[in-house]
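Chain B: place on chain A using the hints.
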Amino acid sequence: MNKNEEKDLPLGTTGHFANMHKWLQRALFVCLVALVLEASFSLPGLLVWFGWPTLSMTEVCDELMKVRWSDDNAECLVPHPLYGANEGEGRTTGPNATAQDQWGIQPRPEYKRIGFRDLVKFRDDRLLREAEAKAQAELIYRTAGS
Amino acid sequence: MASTTFGVYDAHQDNSKQAQWRADKWMIAGTLLMGTGVLGIFGLPLFFYGLHLQIQAGKAGLSVRPLIVTLIGYLVIIDSSLNSLGWAMDLFANHSLINRVLTAGWGAVFDGGYFWHYNELTVGPYAVGGAGAPGEKGWEISLILGCFCPRLAAAIGLLQMKRWGQQWLIVTCWMGVIVWIGYNLNMTFYADVRYANITFPVWGWWIYDIFYITPFLSLPYLHTVNREIFTD
Chain A
1 MNKNEEKDLP
11 LGTTGHFANM
21 HKWLQRALFV
31 CLVALVLEAS
41 FSLPGLLVWF
51 GWPTLSMTEV
61 CDELMKVRWS
71 DDNAECLVPH
81 PLYGANEGEG
91 RTTGPNATAQ
101 DQWGIQPRPE
111 YKRIGFRDLV
121 KFRDDRLLRE
131 AEAKAQAELI
141 YRTAGS
Chain B
1001 MASTTFGVYD
1011 AHQDNSKQAQ
1021 WRADKWMIAG
1031 TLLMGTGVLG
1041 IFGLPLFFYG
1051 LHLQIQAGKA
1061 GLSVRPLIVT
1071 LIGYLVIIDS
1081 SLNSLGWAMD
1091 LFANHSLINR
1101 VLTAGWGAVF
1111 DGGYFWHYNE
1121 LTVGPYAVGG
1131 AGAPGEKGWE
1141 ISLILGCFCP
1151 RLAAAIGLLQ
1161 MKRWGQQWLI
1171 VTCWMGVIVW
1181 IGYNLNMTFY
1191 ADVRYANITF
1201 PVWGWWIYDI
1211 FYITPFLSLP
1221 YLHTVNREIF
1231 TD
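Respectively, the protein sequence lines represent chains A and B.
With the working numbering applied, the first sequence corresponds to residues 1 to 146, in that order.
With the working numbering applied, the second sequence corresponds to residues 1001 to 1232, in that order.
Chain A on its own, in the form it takes in the complex (with noise of 0.2 Å):
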């Protein structure tokens, strides 16, 4: 490299480096651009992944709950109560644990795959399981009665 061409390289850069300073630049402004981006579009995206806006934010909450401890009566209580119990609390050990692991030095869990807008099948699935039990129950209470 001749001297007029070390006089166009960035301050700091000699011509050794010319090369890779100008390819970290080229990544260096990628990596940013794609940063801000993903941090920005990370809530919108999830919640639309999720189900928004047929959820809600706390519907959405709600359901993933109910994933992860594979129980239908987890619910997502806003606000948490201060000093509240544990939201795991009875679901992952005890008598009626719910939460599906297979426990060991490194556990492994065996929740649902959450897929796209799967929260909003899984509510309705969950709507239709709890009409049926209701009108089983409704029609061995008239059976009954009868």
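Derived from the structure by calculation, the hints contain no laboratory data.
There's no promise every hint is true.
[Unchecked claim] From chain A, some residues computed to sit far from chain B (all C-beta separations above 12 Å):
1) THR54
2) ASP72
3) PRO95
4) ARG123
5) ASP124
6) ARG126
7) LEU127
8) LEU128
9) LYS134
10) ALA137
11) GLU138
12) ARG142
13) THR143
[Claimed, not checked] Facing chain B, a subset of chain A residues (Cβ under 7 Å, in silico):
14) LEU11
15) GLN25
16) ALA27
17) LEU28
18) PHE29
19) CYS31
20) LEU35
21) SER40
22) MET57
23) LEU64
24) HIS80
25) ASN86
26) GLN106
27) ARG108
28) PRO109
29) ILE114
Cβ coordinates follow ideal geometry from the N, Cα and C atoms, glycine included.
Frame of chain A; chain B shown alone:
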């Protein structure tokens, strides 16, 4: 006035300083928004405008920072802010609605460590909450305090073209190399907790997180730049 008393050189220095500060004001405003995560989309145009002003000033012959130093400095600030923000939410605001949707939801999609038995962690009788994956809380606390905060300060020093800024960025970027190796190995040893039954296991995490490789892009420059451009 300096320009008349001390000549053209001082006038050039004054003009350069003013031009750099004018560009920095826009970039700082942009970075404040970009560091919040969700508002980043509004900060990006402000940052680009500042970057444009700096490039224009350079073309006009003024002595402004090398572009790559500007990019490293602001990217490190954004990277540190986003990491610290996410982990601070997991540590201190783990029962807020937004955290239980954003952080735990992100966990269900990219990293089960932030979904599996979320908000169950305790230390003795005391509730800690947040991610309960083995090792994760230790990383969060040590990296916010020991790596990201000092790195953020170093980036400000670098943007001011201070020697300590360059030196401390080298130190904290090497910490970043340890972070990448240690953090990923921890995830690997508990791969089932992190990746079993989540939406986009392993490859999803890499696509999402690869843009945090800032240390690997900064170190080769910081070690090969002529350090005389930084002042004591």
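Hint check, failures only: Violated hints: none at all, because every hint is consistent with the structure.
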